[in-house]
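> Protein chains in written order, with this note's numbering: chain G, 2 to 433; chain B, 2 to 433.
Derived from the structure by calculation, the hints contain no laboratory data. Hints are supplied without guarantee of correctness; some may be wrong.
Note: identical chains are not told apart, hence a pair may lie in one copy or across any two.
Calculated lysine to any residue pairs in the SDA-like style (CA-CA distance at most 20 Å, straight line) [claimed, not checked]:
no., residue 1, residue 2
1, K292, I67
2, K250, D265
3, K177, E210
4, K8, E364
5, K275, V161
2 protein chains.
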Amino acid sequence: MKYLSIKEAMKKATGKVSVRGWVYRERGSNKVKFVVLRDATDIIQCVIKKEKFSEDKFKEADKLQIEASLEVTGTIKEDKRAPSGFEIEVEEFTVVGMSDNFPLAADQNREFMDDNRHLSLRTRKMTAILKIRSTVFGALHEYFRSNGFYEYQSPIFQSVQCEGGSTLFRAEYFDKKDVFLAQTWQLYAEPAIFALEKIYTMAPSFRAEKSKTSRHLTEYWHCEMEVAWSTFKDIQDVGEGAIKHVIKKVLEVNQEELKILERDIKKIEPSLKKPFARMTYTEAIKLLKEKCKMDIEWGKDLRTIEEDKLSALFDTFIICTNYPKEVKAFYMMEAPDDSRTVQGCDFIAPEGYGEIIGGSQREHDIEKLKRRLVEMGENPGNYTFYLDTRKYGSVPHGGYGLGVERLISWVCGLDNIKDAIPFPRTPMRYKP
Amino acid sequence: MKYLSIKEAMKKATGKVSVRGWVYRERGSNKVKFVVLRDATDIIQCVIKKEKFSEDKFKEADKLQIEASLEVTGTIKEDKRAPSGFEIEVEEFTVVGMSDNFPLAADQNREFMDDNRHLSLRTRKMTAILKIRSTVFGALHEYFRSNGFYEYQSPIFQSVQCEGGSTLFRAEYFDKKDVFLAQTWQLYAEPAIFALEKIYTMAPSFRAEKSKTSRHLTEYWHCEMEVAWSTFKDIQDVGEGAIKHVIKKVLEVNQEELKILERDIKKIEPSLKKPFARMTYTEAIKLLKEKCKMDIEWGKDLRTIEEDKLSALFDTFIICTNYPKEVKAFYMMEAPDDSRTVQGCDFIAPEGYGEIIGGSQREHDIEKLKRRLVEMGENPGNYTFYLDTRKYGSVPHGGYGLGVERLISWVCGLDNIKDAIPFPRTPMRYKP
Chain G
2 MKYLSIKEAM KKATGKVSVR GWVYRERGSN KVKFVVLRDA TDIIQCVIKK
52 EKFSEDKFKE ADKLQIEASL EVTGTIKEDK RAPSGFEIEV EEFTVVGMSD
102 NFPLAADQNR EFMDDNRHLS LRTRKMTAIL KIRSTVFGAL HEYFRSNGFY
152 EYQSPIFQSV QCEGGSTLFR AEYFDKKDVF LAQTWQLYAE PAIFALEKIY
202 TMAPSFRAEK SKTSRHLTEY WHCEMEVAWS TFKDIQDVGE GAIKHVIKKV
252 LEVNQEELKI LERDIKKIEP SLKKPFARMT YTEAIKLLKE KCKMDIEWGK
302 DLRTIEEDKL SALFDTFIIC TNYPKEVKAF YMMEAPDDSR TVQGCDFIAP
352 EGYGEIIGGS QREHDIEKLK RRLVEMGENP GNYTFYLDTR KYGSVPHGGY
402 GLGVERLISW VCGLDNIKDA IPFPRTPMRY KP
Chain B
2 MKYLSIKEAM KKATGKVSVR GWVYRERGSN KVKFVVLRDA TDIIQCVIKK
52 EKFSEDKFKE ADKLQIEASL EVTGTIKEDK RAPSGFEIEV EEFTVVGMSD
102 NFPLAADQNR EFMDDNRHLS LRTRKMTAIL KIRSTVFGAL HEYFRSNGFY
152 EYQSPIFQSV QCEGGSTLFR AEYFDKKDVF LAQTWQLYAE PAIFALEKIY
202 TMAPSFRAEK SKTSRHLTEY WHCEMEVAWS TFKDIQDVGE GAIKHVIKKV
252 LEVNQEELKI LERDIKKIEP SLKKPFARMT YTEAIKLLKE KCKMDIEWGK
302 DLRTIEEDKL SALFDTFIIC TNYPKEVKAF YMMEAPDDSR TVQGCDFIAP
352 EGYGEIIGGS QREHDIEKLK RRLVEMGENP GNYTFYLDTR KYGSVPHGGY
402 GLGVERLISW VCGLDNIKDA IPFPRTPMRY KP
């Protein structure tokens with residue numbers, strides 16, 4: 002018995018088929034049972050007529066509850082009234098696993114659904130998101146590899162901080178007191194460009210941020226890249242290229258899933274078809290003042306509200322560059338034409354989805370780096386290995402980090418970033 | 002000025018070229034300086050003749066130390082005496098980053114090299130390994146995706162243990178006391194096969210193992226897969242397929258790197274060309290007694306020494322199946338023909354590289370699972386979410402975990418697994 006996926010069976014369209022899956026919906030009378038079966042590919046209506054089976058066998062069918070698993074053999078035919086346009090008239094069936102009362106239903110609240118995440122993964126919405134998520138991961142790998150990048154991994158256990166101590170998670174590492182979970186790969190990536198030149202990674206990063214916004218996770222997947230001999234413009238170009246490639250692949254592969262999510266494709270297409278809007282921080286401030294009538298001071302970081310207002314002015318991503326030095330990380334390079342600013346860039350998504358990429362050209366002046374570490378309250382002695390990258394044949398270089406769940410959120414048009422990852426982790430949520 | 006990689010320049014073979022990289026070796030007289038330049042692709046000899054430059058400019062060249070970075074323009078030509086068969090007669094050069102006395106040399110000990118891992122990544126050996134590592138990651142992604150698997154990620158922060166409490170790392174997760182770092186994705190993967198059916202991941206896993214062997218890391222990359230509706234044989238087939246695909250790709254892409262590592266390809270080819278040796282644990286015990294004259298009792302797990310003796314009998318991987326229940330994890334399924342054993346399999350690498358894959362068919366009897374959790378000293382109440390997978394439409398399924406660094410170690414023929422990962426982590430080693 003060769004089982005087809007439901008999609009393959011519908012492609013066959015006639016004749017005898019065997020499929021298997023889970024009960025998505027069921028209804029029936031004492032003469033006939035209708036079971037909508039789902040598998041990873043689609044759903045299909047299966048009709049079990051009493052007249053074809055013994056009393057006992059039909060009782061088995063009659064007892065089928067949502068999420069029971071079964072194998073089915075029968076004749077497939079087109080039927081416009083059926084939910085996916087096809088129907089199987091069942092000749093044989095085997096119940097593989099019965100199901101208790103499945104606890105999930107349409108009207109349940111967020112908390113309950115999150116407590117039962119292991120079950121809500123099976124919903125059509127979550128399955129659609131998981132498929133798009135898989136496409137996004139694949140597209141990022143494909144983009145970097147096809148552009149000559151090596152895949153490279155940095156350690157999760159790190160003895161330094163890169164993005165500020167307040168969001169560090171500590172690990173109980175035997176008797177050691179100074180082992181933290183990676184916030185970024187950066188300090189461990191830069192040493193490797195001297196070997197491989199162009200590198201990228203897809204790995205979890207950790208931020209102990211207490212903020213409970215719909216944009217933050219304590220554990221998220223981070224796509225990071227670093228390139229030797231690059232210019233600041235190169236970094237921006239590779240960021241735009243990666244996002245465009247992701248959009249392209251999702252539109253190619255996941256039309257059905259986008260439909261299930263009711264995502265308006267017109268909202269994502271412009272970022273594929275048009276160049277991203279590039280502007281400096283100073284220009285962004287000017288726009289916010291003039292077009293949005295916002296009272297904002299030069300020198301402060303853009304907050305969520307400002308990023309959102311800015312994103313509403315464009316239908317593509319915005320690449321905002323040359324931020325004031327004070328609001329950015331210690332390793333960013335001073336802008337050659339204005340030492341108050343650094344060659345850092347944020348990619349702000351359309352529709353108020355916030356910052357997806359943060360990148361920069363890296364400072365290579367070892368004295369400036371030390372000074373900024375001291376200003377941060379850090380002991381430069383702990384960063385010897387990092388500073389060494391500037392000591393032995395330093396070269397211009399830069400890189401960025403892309404928050405994969407944020408990109409997935411935007412592509413899918415999600416309300417909450419928690420749905421962009423299978424088991425979300427936030428300050429309050431660490432189970433199941 | 003368009004810079005070529007050294008490999009591209011050698012392909013061009015004649016005429017003017019511009020390349021850039023780091024000083025790999027240098028020697029000179031007061032008339033000429035020979036600099037062997039390396040980049041991510043290869044090395045090439047550059048000849049800087051005093052007669053072509055001003056006094057000051059030639060002094061710059063004369064001062065060049067190992068690992069200084071520079072850009073070079075000149076005429077390339079074949080020269081059989083040069084280290085990679087080509088030579089550039091330099092017409093212009095720019096020193097980009099000077100280098101202090103580079104601290105690494107050939108005769109340094111393991112400890113010193115590990116303390117300076119951020120620099121030793123640049124050695125030809127480590128660069129070759131990192132390139133093969135990138136190929137291995139890519140090949141695993143490619144294998145699973147081309148066989149219809151979705152890429153799926155489980156959380157690193159977990160509130161359960163799967164592989165025994167003694168090797169758990171605890172995280173300081175706000176005020177929570179029961180948050181651990183993932184040992185495996187398994188308990189979080191099984192719920193997802195009800196949505197996606199065939200899934201895989203590439204992610205870090207953590208084991209707080211105190212053992213200081215050359216096979217153990219506390220942080221390693223884990224390629225895991227899980228498949229709905231699979232048989233035990235399917236799981237073994239997918240394991241063999243994945244390893245064969247990795248070997249195939251490395252042989253296609255990394256001949257040069259294997260040469261640098263002096264890896265005898267004849268040791269890895271048989272596992273590509275021949276089927277893996279499949280045997281039960283009981284048969285393995287018999288072989289060990291008869292062929293290796295070992296005194297070993299049925300019922301005990303195979304130790305390193307037994308796996309090594311066994312691997313010496315074959316030139317391919319061994320798939321050893323149907324281990325005694327007591328030595329394997331709680332979730333493995335009882336063998337239908339012998340309830341003393343479980344449908345678990347270990348893939349033992351050739352040449353004494355140990356276990357690369359551990360897999361199994363999963364038990365679906367919820368009562369048996371609870372009983373075995375209690376035997377392990379666990380509270381089944383903490384595993385409700387996992388046991389739910391057996392309650393709502395359970396299906397036959399199985400999966401495995403592959404230790405990526407162990408596979409890389411074997412492919413590269415390494416002495417120590419620490420060299421299979423950029424920044425190794427062991428009980429004593431967590432810096433840099």
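> Are the hints correct? Go through all of them and say.
Structure-based check of each hint:
no. : hint           : result
1   : K292 with I67  : neither (53 Å within a copy, 55 Å between copies)
2   : K250 with D265 : within (16 Å within a copy, 40 Å between copies)
3   : K177 with E210 : between (23 Å within a copy, 15 Å between copies)
4   : K8 with E364   : neither (53 Å within a copy, 29 Å between copies)
5   : K275 with V161 : neither (40 Å within a copy, 47 Å between copies)
Going down the numbered hints, you'll see the structure goes against 1, 4 and 5, while the others check out.
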